[in-house]
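Listed in order, the protein sequences are those of chains A and B. Throughout the first sequence, residue numbering follows the numbering used here, covering 1 to 201 in sequence. Throughout the second sequence, residue numbering follows the numbering used here, covering 1 to 254 in sequence.
What the hints contain is simulated information worked out from the structure, not anything from laboratory work. There's no promise every hint is true.
Not the full set, but computed from the structure, chain A residues with beta-carbon under 7 Å of chain B [unchecked claim]: (1) 6; (2) 33; (3) 68; (4) 82; (5) 184.
Part of the chain B face toward chain A, derived, beta carbon under 10 Å [claimed, not checked]: (6) 26; (7) 27; (8) 109.
According to the in silico footprint, chain A covers these stretches of chain B (three or more CB under 8 Å from chain A) [stated by the list, open to error]: (9) 14-22; (10) 59-69; (11) 97-106; (12) 126-137; (13) 205-219.
No experiment lies behind these values; they were computed from the predicted model shown. For each residue, glycine too, the CB sits at the ideal point set by N, CA and C.
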Amino acid sequence: MSFVSRGFRGKRRDEGPSGRVPPGQYLVDDFPVLSAGPTPRTPLDQWDFVVTGAVAEPRHWTWDAFRALPSETVTKDIHCVTKWSKLDTVWEGVSVDTLLEDVESAAEYVVAFCDGGYTTNLPLEDVTDGQAWIAYGFDGEPLDPEHGGPARLLVPHLYFWKSAKWVRGLRLLDEDEPGFWESLGYHMYGDPWREQRYWGD
Amino acid sequence: MARAAVLGRLRLTPIVWQLGEVAELVDETARVKTLVLEVRDWPGHRAGQHVDVRLTAEDGYQAQRSYSIASAPEDERLAITVERLDDGEVSPYLAQELVIGDKLELRGPIGGYFVWEVEQGGPLLLVGGGSGVVPLVAMLRHRSASGASVPARLVYSARSLDDVIYRGELDRRATSDDQFELRYALTREQPAGWSGYARRVDEAILREVAYPSCEGIAFVCGPTRFVETVADGLVGVGYAPEQVRTERFGPTGG
């Protein structure tokens, strides 16, 4: 640690339970909102969810069919690249494992795509084995549009821009392909524990 | 291999920590200060981008926050404008503790969507709330520095006239540049005889300031509630969602 900011002591407000706040992050109690454009509002009767791309047979669910899938309630810590972390957030949604159950594919990557045109890329192995959900509930309530409702991707072990709001589908890919922020200087993978915020981190 | 090929297309440049030296401090309002920094090897930026600032205490404790760049790409030195949040950890240090000659660790530029370059054209509708005006003013500074005549309008929501950041500069621009129009919305306190807007920015205001046929690009920056209202309102008056770019500021980030 060579550089010291003259006169800086820091407030060291609640640093949280050890081992739960990644480097460079601080805790918040509220739930900040970040997005690049207006909040899309797709009526539920026009909403659907698809699994497509490098798959033998694309899958498709209407809102009702999607809500009829087995759901899980999970409690997770989330970490935004803009430095805030929020502990013990409670989500309800469908595990990505459930959506990929009958999907035949040799793909290794996935791009989540969304209303409003947002995309984000992830290795397939990061959204399977109980690591990712399509969440439609937050804190016991339907997910607010400004937080990504009706449904968003939830991948809590990566920076939160990977948890794409207003998600409408997963496109499976043989090769990795940068999403929206990943094309604009943000890290391809985004592990908060390795502080992979930007290109080259 | 595949991954390397994709990354190769992306001009992968690491964003490294650098030291800037405080060259000038400008009191903008009672709570807001501009830090003008000498940064050797600054890679350059586009108007609208931000930097990460990192503070390190003697025992190694660190805190990081993001701040919008206020200076134009054409300016010689890098400026950030910081609003002091009473409950904040980083902003009180930047706004009260730093003196000329102090060093500050930062890295950037960061962000590539909430940006405007002259080549993107216009007209430019800028809607800012509080310190959310900072990246918008960087765009106006870039517009003037490059001699562009792209029409631009700024709607600036502040609590009172005393809370308006860069007021002298903005008023001067509005007087001297007939392609630039400035409207203030003062939400809490208005001077006697105030003829500007005296309420929060709403759809009626946006209807008045929108360019004919909702041409061009709109940039909206401010606290979450403000951005949600304005972005929805712009879509309501006829802007396509892809014409509206947003960035949010809030107490979180202190």
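We went through each hint and held it up to the structure:
no.: 1; hint: 6; result: holds (6 Å)
no.: 2; hint: 33; result: holds (5 Å)
no.: 3; hint: 68; result: violated (30 Å)
no.: 4; hint: 82; result: holds (6 Å)
no.: 5; hint: 184; result: holds (3 Å)
no.: 6; hint: 26; result: violated (20 Å)
no.: 7; hint: 27; result: violated (19 Å)
no.: 8; hint: 109; result: holds (8 Å)
no.: 9; hint: 14-22; result: holds (count 4)
no.: 10; hint: 59-69; result: holds (count 7)
no.: 11; hint: 97-106; result: holds (count 5)
no.: 12; hint: 126-137; result: violated (count 0)
no.: 13; hint: 205-219; result: violated (count 0)
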